[in-house]
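Residue numbers (this note's numbering), protein chains in the order written: chain S, 6 to 204; chain V, 91 to 352.
Keep in mind the hints are simulated off the structure, nothing from the lab.
One should not assume that every hint holds.
Computed footprint of chain S on chain V, listed as stretches where at least three residues anywhere in the stretch have a Cβ under 8 angstroms from a Cβ of chain S [claimed, not checked]: (1) 173–186; (2) 248–259; (3) 269–281.
SDA-like mimics (lysine to any residue), calculated; alpha carbons at most 20 angstroms apart, straight line [to be verified]: (4) Lys36(S) to Asp272(V); (5) Lys17(S) to Asn324(V); (6) Lys36(S) to Asn324(V); (7) Lys47(S) to Ser271(V); (8) Lys36(S) to Arg326(V); (9) Lys36(S) to Lys264(V); (10) Lys198(V) to Gln217(V); (11) Lys36(S) to Gln325(V); (12) Lys36(S) to Ala249(V); (13) Lys47(S) to Asn324(V); (14) Lys26(S) to Tyr322(V); (15) Lys47(S) to Arg321(V); (16) Lys36(S) to Gln164(V); (17) Lys72(S) to Ser271(V); (18) Lys72(S) to Asp272(V); (19) Lys36(S) to Tyr322(V); (20) Lys26(S) to Ala199(S); (21) Lys36(S) to His316(V); (22) Lys26(S) to Ala327(V); (23) Lys264(V) to Leu320(V); (24) Lys36(S) to Lys198(V); (25) Lys26(S) to Gln217(V); (26) Lys47(S) to Tyr322(V); (27) Lys17(S) to Leu320(V); (28) Lys72(S) to Ala268(V); (29) Lys26(S) to His316(V); (30) Lys26(S) to Pro285(V); (31) Lys36(S) to Ala327(V).
We treat Cβ as the ideally placed atom computed from N, Cα and C, and that holds for glycine.
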Amino acid sequence: MAFTQPALPFPKDALASSGMKEETFEYHYGKHHAAYVANLNKMVEGTELENMPLEEVIHTSFGDSSKTGIFNNAAQVWNHTFFWNCLSPKGGGAPSGELAAKIDAAFGSFDKFKEEFSAAAATQFGSGWAWLVEDSGTLKVTKTPNAENPLVHGQKPLLTLDVWEHAYYLDFQNARPAFIKNFLDNLVNWDFVAQNLAS
Amino acid sequence: MKTFLRHPITALLGVVLSAIVVACQPTQPVGSQSPTASPSPAVTTLPVAYPDRELSASPAQLPPLPYAANALNQAIDAQTMQIHHDRHHQTYVDNINDALKDQPNVQKLSVEAMLRDLNQVPEAIRQTVRNNAGGHLNHTIFWQIMAPNGGGQPTGAIAQEINQTFGSFEEFRKQFNAAGSDRFGSGWVWLVRNPQGQLQIVSTPNQDNPISDGSYPIMGNDVWEHAYYLRYQNQRAQYLNNWWNVVNWDEVNRRTQASQPR
Ligand SMILES: [Fe+2]
Ligand SMILES: [Fe+2]
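Next comes chain V alone, as it looks inside the complex (with noise of 0.2 angstroms):
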């Protein structure tokens, strides 16, 4: 079965009424340096940081990291986890507490509602928030999908809807790294659930998270280079296949179940 990676800036141009898919179009359009119409109202409203609630931004805070740095070692290493937990997503809180410092109506605001519309946030630290909002939520999912023991064939419910959506896992994989590899510049690669409630890979542009088109994210991979540069150097393609070793397939369960329309 075929899927589509549907533009994000389709829906940011407000023309996401239908069905308007581009097929695999894998990159971003040039000259969309700083966007300045805001995604389309979503169809979720679900909590999507968490599988049971959503992420708060008074003050926005950096998780610790469920494992030790050194934990999943079959894709990733120690330095690039300290450094990515420890400053890279540290960089992003500390951002969005800047940025919202004078703003106590859209601080109280989840981080998922300030995306979802980010019409809501003042036009001045739009972009900041949709920046920095996103860099946190997507990293604070990331660590949660990952774990030391991970790996290996996906496990119940979600096992059976990549095989009823893509065929197999491995064509769902080759798929999800293809999406990821072509993804140019920064950015991320999600299995999502669409709008219509199938399961659907997609990849943003920097730290976009698909929620702003309406999605909820179920699983995503960071195609930034700071995710793979010390281990894997150019080699995007083998950090996207080792990734695979350390996918979460109980979280990514649960988030499953959590993404299932109410």
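Next comes chain S alone, as it looks inside the complex (with noise of 0.2 angstroms):
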């Protein structure tokens, strides 16, 4: 069984009056999600990780030096998954409920939270993510480089933002602060990001 790429959850111009234009959906998920899909499958074909479930094959590679390409496939296959479900087209507000408390909880307030988090976005120096994680039961902002992601470090992830410069360049060239600053006030599915901490 390959590995295969989930639907984009919204069309590829749904973001394009909320700062991501629809060439940027059609690079970053048409062709380089895509190419992680297809190199991955490549790399497992015949192995015993071919049949394993997408998360084990991202544990199992972990670390490992003669599976560091397998695990930078498998993992950005999974981030990219996950980061789409953290947009939406009409995303951004704040969160309710039990995120809001335990965001209040964790940072001091939403305000905090987003400082925080758009500083870890900003200072991941080359390619990689920031994500906001729930870690022993407490709320955290991390950022990992390249393909690392807080599955591989027993934490649950809530929330993340692709800071490789082609998640960007096209709307934004250099732009990364102005890039996260969009993505918080007007893109991240909040419903989204309730659900991994109930789940």
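Put the complex together from the two separate chains, hints included.
Here it is, written out as structure tokens:
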């Protein structure tokens, strides 16, 4: 059973009025994400990893220098699928309920959370990801280089932002901070984040 | 002849004592987000920013592009050149000046000296210096080794040495492009003179420069996505191919000469 690329949860042009062009998704979903899926399938074909759940491939290959390529592609498949779900044409605003309470408890306020998340996303040097995770019951902001993700650190991912340059270059060029602000103001799918917390 | 890509992290771990080479390892290891170890003492003490002088950090200054932004259109479009030079490189310059503003003793060092031995830099700003001094140095080299009338076959001493080391220019180009394609995430691909005096293709993550491994960077190509995304998007391999159309072999020859141990 080959790994497959889940459908994008919105049309490619659905975020055009909130800062992310259709062209961005043509490449990011249609080329980058698709290539990670294709590369992964090529690399695991005929091995015992072929029939594992994606998460298990990620865990098994992490830190194994003979499986660096497998880890990079498997984790990038997972990260991007998760990232698409963090975006919504009706996104932005503020979280509510238990999620909002946990954010306040961990960061002091929603604004403080946004500051901390923005700083993590802005300072991940080179390629990588910014995350909101649940770690031993508390919410934390983290950042990871390249393909690395919270799963390998035993944390539960709640929200992510791709800060590889390909994620924002067609829309924002070098202005990563503007991309981050636009994400928090207009795109975050807080319902998805709340579901992840509850799961 | 087979070349090896020495993994930068081996030097960081201080196990580079003899000839620990990792064959063609293309990607940086995961989990190396903020290495705290600094590179091993370098062999070369030569200037590498320019063939004849080091790069100052008191203050760091953005060098002008040595040609018009549209001059490298055979490989790189004008908008990419402008954003790359005027904003990305400028940001590395601004960040290094900002990080060193209360550090007169570090400012006195050349950028090369900082990167050769990051232990001279206070720990609190070490990673920032590594990233931004590296970014400043790498881009300063990059603009020089490209030219509007560049490209074609290599000439002079570098042509001979490439043939001796790699068999042919075609074979060298193939290996260089492969190393650039295999760099996962952001980084650079380089032709260096290694501490043993030989030509070698290496790739470095992010803004690390080969001098931190004791090698002299003769020529390098930027494979951060910002270097090619507006024109090539996900097609890094195409960018790597076209880049040879703008290589400034005269400058590469000057650097080859400057890289000789004295
Ligand atoms: Fe991405
Ligand atoms: Fe660059």
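A quick look at each hint next to the structure:
Counting residues of the region 173–186 of chain V whose beta carbon lies closer than 8 angstroms to any beta carbon of chain S gives 4, which reaches the threshold of three, so the coverage claim holds. A stretch counts as covered by a chain when three or more of its residues have a beta carbon under 8 angstroms from one of that chain; for the region 248–259 of chain V and chain S the count is 0, and the coverage is violated. As drawn, the region 269–281 of chain V meets chain S at 4 residues by the rule of a beta-carbon pair under 8 angstroms; at three or more, the given contact holds. With a CA separation close to 17 angstroms, the supplied pair Lys36(S) and Asp272(V) stays within the 20 angstroms bound.
Between Lys17(S) and Asn324(V) the alpha-carbon distance is near 17 angstroms, which keeps this suggested pair within the 20 angstroms criterion. About 7 angstroms separates the Cα atoms of Lys36(S) and Asn324(V), which keeps this hinted pair within 20 angstroms; it holds. Restraint check for Lys47(S) and Ser271(V): the C-alpha separation of about 17 angstroms stays at or below 20 angstroms, so the hint holds. Among the hinted pairs, Lys36(S) with Arg326(V) is consistent with the structure: their alpha-carbon atoms are about 12 angstroms apart, no more than 20 angstroms.
A distance of roughly 24 angstroms separates the Cα atoms of Lys36(S) and Lys264(V); the hinted pair therefore is violated under the 20 angstroms criterion. Proposed proximity of Lys198(V) and Gln217(V) is supported: the alpha carbons are some 18 angstroms apart, at most 20 angstroms. In summary, the hint linking Lys36(S) to Gln325(V) is supported, as the alpha carbons are separated by about 9 angstroms, within the 20 angstroms threshold. About 37 angstroms separates the Cα atoms of Lys36(S) and Ala249(V), which puts this hinted pair outside 20 angstroms; it is violated.
For the suggested pair Lys47(S) and Asn324(V), the alpha carbons sit about 19 angstroms apart, so the restraint of at most 20 angstroms is met. Only pairs whose Cα atoms come within 20 angstroms are accepted, and Lys26(S) paired with Tyr322(V) is accepted, the gap being roughly 17 angstroms. At roughly 28 angstroms between alpha-carbon atoms, Lys47(S) and Arg321(V) are farther apart than 20 angstroms, so this suggested pair is violated. Taken as a hint, the Lys36(S) and Gln164(V) pair is broken in the structure, with Cα atoms around 24 angstroms apart against an allowance of 20 angstroms.
With a CA separation close to 18 angstroms, the supplied pair Lys72(S) and Ser271(V) stays within the 20 angstroms bound. The straight-line distance between the Cα atoms of Lys72(S) and Asp272(V) is roughly 14 angstroms, inside the 20 angstroms bound, and the hint therefore holds. For the hint pairing Lys36(S) with Tyr322(V), the CA-to-CA distance comes to about 12 angstroms; that is within 20 angstroms, so the pair holds. Pair hint Lys26(S) plus Ala199(S) does not hold up; C-alpha atoms about 26 angstroms apart against a cutoff of 20 angstroms.
For the hint pairing Lys36(S) with His316(V), the CA-to-CA distance comes to about 17 angstroms; that is within 20 angstroms, so the pair holds. For the given pair, Lys26(S) sits about 24 angstroms from Ala327(V) by alpha-carbon distance, which is inconsistent with the 20 angstroms threshold. Of the pairs offered as hints, the one joining Lys264(V) and Leu320(V) is violated, with about 24 angstroms between alpha carbons and a cut-off of 20 angstroms exceeded. Annotation: proposed proximity of Lys36(S) to Lys198(V) is violated, straight-line Cα distance about 46 angstroms (limit 20 angstroms).
Annotation: proposed proximity of Lys26(S) to Gln217(V) is violated, straight-line Cα distance about 34 angstroms (limit 20 angstroms). Restraint check for Lys47(S) and Tyr322(V): not satisfied, since their Cα atoms lie roughly 24 angstroms apart, outside the 20 angstroms limit. For the hint pairing Lys17(S) with Leu320(V), the CA-to-CA distance comes to about 19 angstroms; that is within 20 angstroms, so the pair holds. Our distance criterion of 20 angstroms between C-alpha atoms is met by Lys72(S) and Ala268(V), whose separation comes to about 19 angstroms.
Restraint check for Lys26(S) and His316(V): satisfied, since their Cα atoms lie roughly 18 angstroms apart, inside the 20 angstroms limit. Straight-line distance between C-alpha atoms of Lys26(S) and Pro285(V) comes to about 48 angstroms, which puts the hinted pair past the 20 angstroms bound. Restraint check for Lys36(S) and Ala327(V): satisfied, since their Cα atoms lie roughly 14 angstroms apart, inside the 20 angstroms limit.
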